[in-house]
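Asker: Turn these sequences into a full structure, and let the hints guide you.
Protein chains in written order, with the working numbering: chain X, 1 to 170; chain E, 1 to 134.
Everything labelled a hint here was simulated from the structure, so no lab data went into it. Hints are supplied without guarantee of correctness; some may be wrong.
[Stated by the list, open to error] Pairwise CB distance ranges, derived in the manner of DEER restraints:
no., chain 1, residue 1, chain 2, residue 2, range
1, X, Gly127, E, Glu49, 21 to 29 Å
2, X, Leu68, E, Ser94, 18 to 26 Å
3, X, Lys156, E, Arg60, 30 to 38 Å
Predicted model, so just to flag it, every value in this text is computed and none were measured. We treat Cβ as the ideally placed atom computed from N, Cα and C, and that holds for glycine.
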Amino acid sequence: MPDNQEFDRNLVQEVQPSGNEQQRADGLCQEDGAAPSSQPPAQTGAHEPTELSAGLAHLRALLERQDLTSARAWVDRLRQRWPDSNRVQHFSRILARPAVTLQRGRAKSSRREEYRWLRDHAGEYPGCWLAVLGYDLIAADPDFAVVLAAVRKLEKPDEALLHFQPRPSP
Amino acid sequence: MVQQADYTLIVAVECLLSDLPPMHAMLDTAAQWSLLPGPVAQAMGYSTEPDPDTPRYSTRKGSLHGRIEPVKLTFPAELGEETLMEAPFYICESWDGPVVIGWTGCLEALCFALDARQYEELFYFGAMPNPSGG
Numbered sequence: 001m002p003d004n005q006e007f008d009r010n011l012v013q014e015v016q017p018s019g020n021e022q023q024r025a026d027g028l029c030q031e032d033g034a035a036p037s038s039q040p041p042a043q044t045g046a047h048e049p050t051e052l053s054a055g056l057a058h059l060r061a062l063l064e065r066q067d068l069t070s071a072r073a074w075v076d077r078l079r080q081r082w083p084d085s086n087r088v089q090h091f092s093r094i095l096a097r098p099a100v101t102l103q104r105g106r107a108k109s110s111r112r113e114e115y116r117w118l119r120d121h122a123g124e125y126p127g128c129w130l131a132v133l134g135y136d137l138i139a140a141d142p143d144f145a146v147v148l149a150a151v152r153k154l155e156k157p158d159e160a161l162l163h164f165q166p167r168p169s170p
Numbered sequence: 001m002v003q004q005a006d007y008t009l010i011v012a013v014e015c016l017l018s019d020l021p022p023m024h025a026m027l028d029t030a031a032q033w034s035l036l037p038g039p040v041a042q043a044m045g046y047s048t049e050p051d052p053d054t055p056r057y058s059t060r061k062g063s064l065h066g067r068i069e070p071v072k073l074t075f076p077a078e079l080g081e082e083t084l085m086e087a088p089f090y091i092c093e094s095w096d097g098p099v100v101i102g103w104t105g106c107l108e109a110l111c112f113a114l115d116a117r118q119y120e121e122l123f124y125f126g127a128m129p130n131p132s133g134g
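Answerer: What follows is the structure, given as structure tokens:
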């Protein structure tokens, strides 16, 4: 992990006005994470909002390039630098490696009848949300809220299955 | 852990999103993010206002701009244990497709397999083994 001074240099490099976002992001993605040595170190604390914005812009660029490994490493560094930032905390949370819990709950009932109805009829409702229970259609509407309201009126809403039927590809 | 899958969304799996009733979602191993249509997100109480810090998301239906939020996700099982996780979902008001189960923070954390034989259509899933062997 680079030290704080190197991290600050990275952020200074990020906010240089020349070059487009991609070029700036590329400049920060050298394997060792080091910015060109000609960049002066930032004065810690003097430009934190700008540096924070630059750090988040770089994170956004990494995610747009689908470089998840680098994005996770970067957000860890942002979190160390700005532990109290709500925006950094948000991205740190959504990029965290997920924890999976296994739980022996109530066994889900078979959906054989719902699947049979969908095979036979779902194609008749392109672009609609459907609610199916057994071999019965409960509701069909393009508006999800309408279908959800119909399901919530059921005695056991959790027994229904919601399904979106896509429109056929042109 | 076994769950039946369906074919109408190519591969659709049943899941529970927060407190909504059971729902089909399209399983897409090529999708960077799981994806929520705006109305589904709103039903769970999430804002659909785009977040300027959130990257645009390129899909086969075009480039989307929205926000990413952690959502409680459960895969119920017909056999064995259900799987619970908090997965990040890209929320976009203009997405007019199904709920999508994608890679980041979701499929990457699961071991899963599909049996696509007609009328079998099973989705096997479980947690990633602990690398320490525990």
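Asker: If a hint holds in the structure, say so; if it does not, say that too.
Answerer: Here is what the structure says about each hint:
no.	hint	result
1	X:Gly127 <-> E:Glu49: 21 to 29 Å	25 Å, holds
2	X:Leu68 <-> E:Ser94: 18 to 26 Å	24 Å, holds
3	X:Lys156 <-> E:Arg60: 30 to 38 Å	37 Å, holds
Checked against the numbered hints listed earlier, the structure breaks none of them; every hint is satisfied.
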